[in-house]
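*Asks:* Residue-level listing of the chains:
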Amino acid sequence: MCRDEAQLMSLEKVIFGFFVLLAATLNFGFFIGDISNPALHNEYELFAAVVVNLIATVLKFGDRTQIGAVHLATSLVADLQLIAATLTWVYATQISTAGMTPEATASVVSLSGGALLANLVSVALLVIETTTFQRR
Amino acid sequence: MRRPVPRGRFHRHTAIARPAEGASPTVFLVLRRMRAPLIVLILIFAISVLGLTLIPGQDADGNPVRVGFFDAFYFMSYTATTIGYGEIPHPFTGAQRLWVTATIYLTVIGWAYAIGSLLATLRDRAFREAIALRRFTGTVKRLREPFLLVVGYGQTGQLLGHALDSLGRRMVVIDRSPEHIDTLDIDPYYSDIPGLVADARNPHTLGVAGLEHPGCEGVVALTDDDEANLVVAMTAALVRPGLPVIARTVSPAIEHRMRAFGSPTVVNPFDRYGDHLRLALHQPSSYLLMSWLVHEEGAEMPQPSRPPAAGRWIVCGFGRFGHKLTEDLRADGLEVTVIDLRLDAEPGPGMIEGDASEPSVLAEADLAGAAGFVAGTDNDATNLSLVAAARKANPSLFIGARQNRPANAPLFAAMEIDWLLVPSEMAAREIYARLSTPMLWRFLQEMPELGDDWAADTLDRMQAYCGAKLGALWKMTLSEREAPALQPWLRSGVAVGDLLRSPRNRQKRLDAVPLMLARDGETILGPADDVPVRPGDEVLFVGRPYSRRALIDTVTNRVVAEYVLSGREVPAGWVWQRVTGKIPTGSQSTDSPGRSSDDP
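The listed protein sequences correspond, in order, to chains A and B. Residues in the first sequence are numbered from 0 upward in steps of one, following numbering that gives the first Met the number 0. Residues in the second sequence are numbered from 0 upward in steps of one, following numbering that gives the first Met the number 0.
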């Protein structure tokens, strides 16, 4: 009985896992490459990472379990880092006269690197949650 | 191996686990409900912005340019919120305008959905209940004064609540009906009374309302549901053994079941009516004294109503009230005729089955030969018409009636009923007397034994000292803590009358009447002035408020006590006492305090 129930695919779990993982992969895609070369870091990828991260955060709202609270915390950290990266990018492209210099690119990418770390923790939590659920 | 715990052992503290909902922050509820609208909003924004950056536009010179992410986000933000600053950075092309048109409708839908969901959540019953429960729990937790837990806030509860509130007692109220809880906000109260709409049959509710709070000094169960009162009494006895519980019931069976748990005080207004009627029948003055003392301070002495007549009584309505009353009257040796639609008792002499409003049935009961008539059905209209019919048949009848709903009070007042039973009022008065001055209740229980003359004498004395209005009732404990100045005198012997001398002029007497003196479980009712008091005695006084203050002065201030008890005037200051050599009796540590009064 219990095995059957556990093996049933839950759509909610699929969507949740999809967004958490997608947030991490997009973030990674933006992050990878020479840190100071603007040509290697696509702005569309950063935009997608921000949007998917926000959706992942909202999906974690209202879960009152201990692991749910940590999930929400990591997501909020990732959001904060990515929004900081976006603001830096806006400053470099719109306000600063110098444009996307290697220094500006490096700070945007390093901020997204911090978000990547938080996203990896999120993925780790997802894996832990999944394995403990299977064992039960 | 451990031996099993013997059954029936519930004299330990049992904790009521609070439900998880009680402690959870309500913000999580909002967040959970807002998940879908927020995701829709994020998606709509993302798609709109992304589309705008992908569609090629052109600048003023016709060169193809694309809108950057920042400009696209800026544009979408002011467009979606219907602010609209125009097309930036360059006028849009046809393709861009087509996309923007679609996104405008999309974003408006997204916002409407999100804001609508938020408002719906805030107005949601479950959400508002969660907020109310949270606020209530916090208020109860923060109570630092002792409080009573009142369950059921109908007529009885509200009468009692107002009386206790004006005494300065704190309460926490639970009721199932929101209207009753709303009266806490509408009616004037001195203190802020936390109230919760909840079912008291759930033990968690009592836990939330502070049953386990150290400040909870008692539970009063006053719901109109006997079963619920029983559950409350049971819960209180199991969770806080020894906590005083007062429960109202009109059913002897429930009363019996309540007594199985601890020792709750059970108040049965139907039972009291008969007791009071019997008391009034034999000892009108005792009854008058009792009914005056259970009123609040400042109440006029009730007009001595027409004394019930001995003779044959007719009781209409043979429900729980009728049963009890008939039993009481018959125990008194009175002949009783019962009329009811459906008699479940043995038909016999004095039992008439039929509709009492039918003239033929009333004729059968022979109203002309009866002394008293009680309309005791649970329907006010029936009771009123029965009283009218009975009066018509025999104007000299002593009329008793039961009033079920408070709104009908003016009708019953207009009928000039000789002996009116309002069950809610009777229960409230009794509980008030028990809670405000527990000693008073003891006095009322024992007072009838002293007879009618004694009661009449006490009434005269009360009127002589306090006037026509009921004075303050207070208890004084002659202990080391409450009466430090009296201690040296008490050992040598002080009479009640000595205490009641005025601190201004000891030849005069304070306007107070000692009602009862309690010592080691024994009581002396209406102690005479020459009765000696001992350390630890408790005395119940009734009198004017300033007498109370003067008496407190006497028992706490050595100099005042010296004057009141011996007539010796002693200086108040330490230096002057040493200079003049006049030292209060209690202060001379080497002296034997066994000095008796100087007064001959």
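By construction, these hints were calculated from the structure, which means they are not laboratory data. Any given hint could turn out to be false.
[Said to hold, decoys possible] Estimated spans, in silico, between C-beta atoms of each pair:
id, chain 1, residue 1, chain 2, residue 2, range
1, A, A83, B, A35, 48 to 56 Å
2, B, G61, A, A123, 16 to 24 Å
3, A, A72, B, A252, 54 to 62 Å
4, A, V69, B, G61, 49 to 57 Å
5, B, L117, A, A72, 49 to 57 Å
6, A, A68, B, A298, 24 to 32 Å
7, A, I31, B, R134, 48 to 56 Å
8, A, E44, B, I103, 48 to 56 Å
9, B, R134, A, V69, 50 to 58 Å
10, B, T100, A, G32, 51 to 59 Å
11, A, V69, B, Y188, 28 to 36 Å
[Claimed, not checked] Here are some, though not all, of the chain B residues that point toward chain A, as calculated from beta-carbon distances under 7 Å:
id, residue
12, V26
13, R34
14, V39
15, I46
16, P63
17, V64
18, R65
19, F68
20, Y73
21, Y77
The structure displayed is predicted, hence computed values, not measured ones. Where a beta carbon is used, it is the ideal one built from N, C-alpha and C, also for glycine.
*Asks:* Of the hints given before, which are not true for this structure?
*Replies:* 1, 2, 5, 6, 8, 9, 10, 11, 12, 14, 15, 16, 17, 18, 20 and 21
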